[in-house]
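Asks: Sequence:
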Amino acid sequence: MTFVPEPVRMYGPRFQDDPAQLYRDMRKEFGPVVPVLLEGDIFAWLVIGYRELRYVLGNPQLFARDSRRWNAWDRIPPDWPLMAFVGYQPSILFTEGAEHQRRAGAISDALAAVDQFELRSRTERAADSLIDAFTGHGRADLIAQYAQPMPLLSISTLFGLPDAETPQLVADVTELLNTGPNVMEAHQRIQATMQRLLDTKRERPGPDLPSRLLAHPAGLTDEELIQDMVILLSGGQEPTANWIANTLRLMLTDERFAVTLSGGRRSAGQALNEVMWEESPAQNSLGRWAVHDTQLGGQRIRAGDALVIGLAAANADPQVRPDSYNGSAGNHAHMSFGHGEHGCPHPAPELAEVIAYTAVEVLLDRLPDLGLAVPAHDLVWRTSFRLRALSSLPVEFSPGYARGVG
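Residue numbers (my numbering): 1 to 406.
Note that these hints are calculated values from the structure, not bench results.
By construction, the Cβ of each residue, glycine as well, lies at the ideal position given by its N, Cα and C atoms.
Possibly wrong hints are sitting among the right ones.
[As the list claims (entries may be wrong)] Okay, the calculated beta carbon distance ranges per label pair:
#1 N71 - R9: 17 to 25 Å
#2 E278 - A218: 49 to 57 Å
#3 G343 - A376: 27 to 35 Å
[Unchecked claim] The calculated SDA-like cross-link candidates involving lysine to any residue, where the alpha carbons are at most 20 Å apart (straight line), are:
#4 K28 - V230
#5 K28 - R212
#6 K28 - D18
#7 K28 - G297
#8 K28 - G40
#9 K28 - P5
#10 K28 - Q61
#11 K28 - F257
#12 K28 - G371
#13 K28 - E224
#14 K28 - E39
#15 K28 - E361
#16 K28 - W381
#17 K28 - V8
#18 K28 - G58
#19 K28 - P60
#20 K28 - R51
#21 K28 - L272
#22 K28 - G298
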């Protein structure tokens, strides 16, 4: 009789407390492709091998993005916790083939025209404004008061959004990403904001993303533009916010960075890259769906099976990172931005790094004696199969003055 190992649950304390150890255990028992159970004991395959993951992401004709292929829809309740990430919608996330290339090409062209020097300047101003709000208190939660609002404050300027509308947009996108009780109302307000923005930019174009997308030869419709701009907002917000937060946690808890903490300029870039390898903000993504029966990593995959993209686990694959590995400095081959046609569109990773690096650098320059307000082991990670994100990051520092006041 053949022994068939039980699938591994990707929820609960074991997964939440130490996912890195769980990935190691999975790899030892199953290899690069692991049978798993998502919340509600929904079956899927978790791809944790670096080479296998590149193969999946690089072959959309075999592992496609349209979730309507899923063979488990008859077992998925309408209120399933992960429904927001698999329920089909006509956005760039679920498009395939020529349609995806048309829409992704327009986004990449619009992003490529962003002036990165201007983006850094705008991010510096946004960082100073956030720091000014708490610098006089000597204590702050760097998640709620800094890392979380930081990306959207920068991104909203790229959209040419009026300053008066930015606070509500930040609140709505936060509600949307946290899947809070008012998520539908938040989503409707975001869409309405994007429609007003398109109407304004159609009449008065400017040096911003909506104007470039409206003028692009791809000829995107308003419905396509609204869907894809919402994806740009949410896709740029959550990973970047957690990238900032996880980098600050590393620099505040690891003695290798303590010696340069007062300036931060030499080590901020190294810390940002190390986080992408060791504590990637994007841990897992659901997903891809097998177009037909196939083999992957020694497992038999059926047509319509769901595959979870194990970004963090692939980064730790000993086949590409042996025990003798001496650190991540200078190595940017991590999978944290994805790969293939559905990876982060170029040059989005560069723009996210400008925002994250600037946010970390400005904070450490403004608050040179910044330190944790609690023991490092008391920091709590959020309950999420997708993210590696802290619930809070309480810090203390010598009270200062708002920029331009003292």
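Asks: With reference to the structure, classify each hint as holding or not holding.
Replies: Hint check:
1. N71 - R9: 17 to 25 Å: holds (20 Å)
2. E278 - A218: 49 to 57 Å: violated (38 Å)
3. G343 - A376: 27 to 35 Å: Cβ of G343 to Cβ of A376: about 32 Å, so the range 27 to 35 Å holds.
4. K28 - V230: violated (40 Å)
5. K28 - R212: violated (49 Å)
6. K28 - D18: holds (16 Å)
7. K28 - G297: holds (13 Å)
8. K28 - G40: violated (25 Å)
9. K28 - P5: It holds: about 12 Å lies between the C-alpha atoms, which stays within 20 Å.
10. K28 - Q61: violated (30 Å)
11. K28 - F257: Violated. K28 to F257 sits at ~32 Å, over the 20 Å cutoff.
12. K28 - G371: violated (38 Å)
13. K28 - E224: violated (44 Å)
14. K28 - E39: violated (23 Å)
15. K28 - E361: violated (39 Å)
16. K28 - W381: violated (25 Å)
17. K28 - V8: Between K28 and V8 the Cα gap is close to 13 Å, so the pair holds against 20 Å.
18. K28 - G58: Violated: K28 and G58 sit about 25 Å apart, past 20 Å.
19. K28 - P60: At roughly 28 Å apart (the allowed maximum being 20 Å), P60 and K28 break the hint.
20. K28 - R51: holds (16 Å)
21. K28 - L272: violated (29 Å)
22. K28 - G298: holds (14 Å)
The structure is inconsistent with the numbered hints 2, 4, 5, 8, 10, 11, 12, 13, 14, 15, 16, 18, 19 and 21, although it conforms to all the rest.
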